[in-house]
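Undergrad: Below, each chain spelled out in residue letters.
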Amino acid sequence: MGERIRVCILLEGSYPYITGGVSAWVQDIIQGLPQVEFVLMTISPVANQKLRYTLPVNVVEHTDIVLGEKHPREKVACDRKKAIASVMAMHKKMFTNEMPDLGQMFSLVPEGYDLTEDAVRDDRSWNLIIAKNRENNPVYAFSEYLWAWKSAHGMLFDAIGAVPPQADIYHAISTGFAGLAAVAARERYGKPFLLSEHGLYHKEREIEIRKSSYVKGYQRDMWIKTYNRISRICYGKADRITALFEENRQKQMELGAPPHNCQVIPNGIDIERFSSVKRAPRPGYHVGLVGRIVPIKDIKTFIATAKIVLDQMPDAIFYAIGPTDEDPEYYDDCVALTNSLKISDRFLFAGRQNVLEYYSFLDLMLLTSIREAQPLVIMEAWAAGVPSVSTKVGNVPEMLDFDERFLAPSKSPEKLATCVIYAHDHPEEMALINERNRKKAFTQYDKKTMLASYAKLYESMKDIKVAKGQL
Amino acid sequence: MDAFKSLLSRKTRFLPKTQAQALMALSEGIIHESFYMYKAVNVHPVFEEPWDLDEIERLLAKPDLDVETTILLMTIFQRLIKQQDKELALFAAESINAVEQRRMRKIQELRKRLEASKEAKGNDRDKEADGDDKGAQTPSIARELAREYRDLGRVCFAQPVLRIFYIEEALSILRKQEATHAPEDRDLELQVELFLELGRNDEACALVSVLAGEFPENGAYRFLAAKTAYARRQFRNVVDNLDEHEELRSFWMGKAPHG
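For the protein sequence lines, the chains are A and B, in the order given.
In this text, residue positions in the first sequence follow my numbering: the first is 1, and each later residue adds one.
In this text, residue positions in the second sequence follow my numbering: the first is 1, and each later residue adds one.
Take these hints with a grain of salt, some might be off.
[To be verified] Here are the computed distance ranges between Cβ atoms for each label pair: (1) A:HIS62 x B:ALA116: 39 to 45 Å; (2) B:GLN83 x A:ALA431: 52 to 58 Å; (3) B:GLN83 x A:ALA452: 35 to 41 Å; (4) A:ALA336 x B:ARG236: 40 to 46 Å; (5) B:GLY219 x A:ASP332: 36 to 42 Å.
To be clear, the hints were calculated from the coordinates, so they are not data collected in a lab.
Beta carbons: idealized from backbone N, C-alpha and C, even for Gly.
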């Protein structure tokens, strides 16, 4: 390996296949650090997904691991008895919330080896499965438990057995399977592991599982515990951990991340690009939402807010600016809602657009999302001179100085409408707030600062020596 | 207490979380009768604070959740969403979305089936095909779709804009259906309900008069007429239409049911 640092970015369910905040951030990091050579290791539910991003030239390799795919296990030699014993030992420690000896386990389970079948065939692990079923699920069919167990553990073994590309640093963008694969690489290759989280993976999965109607009660507990423990392992094994904001850093530490390894590196935007927008206000009051037309952005609440505002401010115009093709049925329903409310002439679905054009005349940015981490669109709007109103999600309340005049609970179009009308009715005050926000964007959310932080972090980590797992 | 001790010292340390699980565990001999009794009578109402999130989640995860229970859950979520605890608020918002999405998926499936059925009907007509008439399902699918929209509207009670939208969608489906198929009584009955949900009481009254006039002996229509009269604050008519519903009449008139 030459002078150039080689960083393996490990991702699950995002870049380069899915657009969104995390993916845009990864693209920014890669493009913004041309001096670094990047290799990607993606973990996917299916093979051959369509790339949604053009990979920058400094991405030199890309490995895609499909969870649940059959692996050529015969080709890899493994001392199955010892491997199973080490997995069992790890299992036992995980249930007592102790940090398992992963080094030994990874040294016994060779990369590329799939343990799932062995785990079922081995008497000791079979007995463990039966014991756990007795403890958690004795009144239901054993087959249900076994299939749930296989499904959960199969994916875990996939991540553990995955073969990551060689690199100086393993940078996982979440805990979960990507994080676990990074832990495996750290232990096998003796290279440092950097963990950067936007949201909190185990919390997001937990919410998904809890609301899911196809995961049964006791299986739900199993999945939630599994994700929690994976996060705990990742926090415990990562050599450095970054969060976007302090609240999340605290939550990482609550789950075992050592404080001295944790730091906050906020998101950043291209300040020059967005601050170069020449403001050209138009007659009327223009309110925009920049985001995909999908349920998580709660576009229906945006539409309901528009209806309430329009009843009082008929000169207002609303724009949903973002791709409509991710969930076409939801988009159709949103269009039907605007038609039914008879506001389709004042509510426009702009589709994927150059947002700079919109920032030149928007009077307000409205965000109705149910879940966000630290939304880039608010920073972009600020840099361009557009104030914002939002639901209280992720880091948004802190970004908006906990100012209740501009914050609303999720799914509350009435309160959002009140915020919009307040912003409309107080132009002088909004001008002052705008100025303050603009300064905040320049000082706290500059992409150059973010990139410099990561460049420094990579530089400081490249020489960290990690002891490989020993037999 | 002995029963509890023996429970904890057993090979399986399974603790049933619900009454149904406790009953199954009892019948399998996994738990003692006294533990079952304890579990069966110690019911914390889901609607009471402190919130029993496990129970709320258990209900939410049921795939075939009925409208009334869904409304109860949505009422809880509407309270949780305003909590200072961001994780609780997020859980509530995500849950509301999940409930809406689950119902929307059902609606989308029905929409597709309705389109397919209409298409099949068109093809059958073109070919003058006999026998298997897939298009004949159209009215029942449309009715089911309208009901789903009505239920979604009721579930979204806390978001008036969406509530009205969904109920109007239900009404529009029935109206479109009328253009090609003579409405059945149950369609008209559903329309009356939708008018009432939308506060269009005069239209509900006009329609229910037709139904109750045509079928004066039909108790369901008379009950609908009573509901319509109530919505219009015509209380004398409420009583007139409650003949068939002795218990309700007694309640209305201040006399305890059954004497």
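Undergrad: Next, verify each hint and record whether it holds.
TA: Against the structure, the hints come out as follows:
no., hint, in the structure
1, A:HIS62 x B:ALA116: 39 to 45 Å, "holds, 41 Å"
2, B:GLN83 x A:ALA431: 52 to 58 Å, "violated, 34 Å"
3, B:GLN83 x A:ALA452: 35 to 41 Å, "holds, 39 Å"
4, A:ALA336 x B:ARG236: 40 to 46 Å, "holds, 41 Å"
5, B:GLY219 x A:ASP332: 36 to 42 Å, "holds, 41 Å"
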